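*Asks:* Starting from the given sequences, assemble the full structure and let the hints guide the process.
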Amino acid sequence: MSFKLLPGETFKPLKFSFKGTLLRNQYAISNKGRIVSFREKTEDGKLLKGTLVQGYRVFKAKPDGQNVTLFIHKIVAETFNKKSGRKAEFVIHLDHDKLNNKAENLKWVTREELNDHLKNSPKLKAYYNRGDAAKRRAASSRGKAKAAKPAARSTAKAKPAASKKAAPAAKAKSTARTTAKKAAPAAAKKATTVKKAAPSKAAAVSKDKKKKKK
Numbered sequence: 000m001s002f003k004l005l006p007g008e009t010f011k012p013l014k015f016s017f018k019g020t021l022l023r024n025q026y027a028i029s030n031k032g033r034i035v036s037f038r039e040k041t042e043d044g045k046l047l048k049g050t051l052v053q054g055y056r057v058f059k060a061k062p063d064g065q066n067v068t069l070f071i072h073k074i075v076a077e078t079f080n081k082k083s084g085r086k087a088e089f090v091i092h093l094d095h096d097k098l099n100n101k102a103e104n105l106k107w108v109t110r111e112e113l114n115d116h117l118k119n120s121p122k123l124k125a126y127y128n129r130g131d132a133a134k135r136r137a138a139s140s141r142g143k144a145k146a147a148k149p150a151a152r153s154t155a156k157a158k159p160a161a162s163k164k165a166a167p168a169a170k171a172k173s174t175a176r177t178t179a180k181k182a183a184p185a186a187a188k189k190a191t192t193v194k195k196a197a198p199s200k201a202a203a204v205s206k207d208k209k210k211k212k213k
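0 is the number of the first residue of the sequence shown in numbering that gives the first Met the number 0; add one for each residue after it.
Treat the hints with care, as some may be off.
What the hints assert, rightly or not - Ranges of calculated distance between the beta carbons of each label pair, as one might list FRET restraints:
id, residue 1, residue 2, range
1, Leu98, Ser140, 33 to 43 Å
2, Asn128, Thr68, 30 to 40 Å
3, Lys40, Leu98, 20 to 30 Å
4, Asp115, Glu42, 19 to 29 Å
5, His95, Lys143, 30 to 40 Å
6, Gln25, His95, 26 to 36 Å
7, Asp43, Thr68, 36 to 46 Å
8, Lys11, Leu93, 16 to 26 Å
9, Lys40, Leu93, 31 to 41 Å
10, Gly84, Lys145, 49 to 59 Å
11, Lys59, Leu117, 24 to 34 Å
12, Lys81, Pro6, 19 to 29 Å
13, Ala137, Pro12, 53 to 63 Å
14, Asp115, Gln65, 33 to 43 Å
Since the hints were made in silico from the structure, they are not lab data. Predicted model only: the values in this text are computed from it and were never measured. The beta-carbon is built from N, C-alpha and C at its ideal position, and this holds for glycine as well.
*Replies:* Written out as structure tokens, the structure reads:
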């Protein structure tokens, strides 16, 4: 055997629904979601990894020279799982893991059941949670912006009040300056009068001295 069987793994021949299908190799699918290609015996076959399409594992074959892509999870369900009814046309992964193609993880469901299953997807919930978190952050920032606007307005109102309070003080200063300017000439006049009066007194004293000498 070129590969080891998994515990409880069984293979069944893969049946194609194409008419007149001609393939070089035969294929078998297991209940564990593995597929092999072989010539005569499954045990001598080769495990195929397949490729990924939208997160699903797919198997590509060329019957009659035409490229055909088959979803492995659907092949497993068709081979090992029974449909629950006529309307059960879709296959879901119970654990929402698209790569877990074990028969026990697959189930045939209706369109309504498929929609309900997709709504409970962890990835979808995480996506909506991220969106809700972004909305909450945006709402919070908007609330902070609104709260900041009244504060700015109150600050703007306070500035005129401060200017009103400062106005009387400025007026008082200007009044003091005006008074000082008016007082300066008067003081200068007084000083001039004193200077003029001083020589007259000295002259009177000198006249008295002259009279005494005579």
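*Asks:* Determine for every hint whether it applies to the structure shown.
*Replies:* Going down the list of hints, with the structure as the test:
no., hint, verdict
1, Leu98 / Ser140: 33 to 43 Å, "holds, 40 Å"
2, Asn128 / Thr68: 30 to 40 Å, "holds, 34 Å"
3, Lys40 / Leu98: 20 to 30 Å, "holds, 28 Å"
4, Asp115 / Glu42: 19 to 29 Å, "violated, 41 Å"
5, His95 / Lys143: 30 to 40 Å, "holds, 38 Å"
6, Gln25 / His95: 26 to 36 Å, "holds, 33 Å"
7, Asp43 / Thr68: 36 to 46 Å, "violated, 26 Å"
8, Lys11 / Leu93: 16 to 26 Å, "holds, 21 Å"
9, Lys40 / Leu93: 31 to 41 Å, "holds, 33 Å"
10, Gly84 / Lys145: 49 to 59 Å, "holds, 56 Å"
11, Lys59 / Leu117: 24 to 34 Å, "holds, 26 Å"
12, Lys81 / Pro6: 19 to 29 Å, "holds, 23 Å"
13, Ala137 / Pro12: 53 to 63 Å, "holds, 57 Å"
14, Asp115 / Gln65: 33 to 43 Å, "holds, 36 Å"
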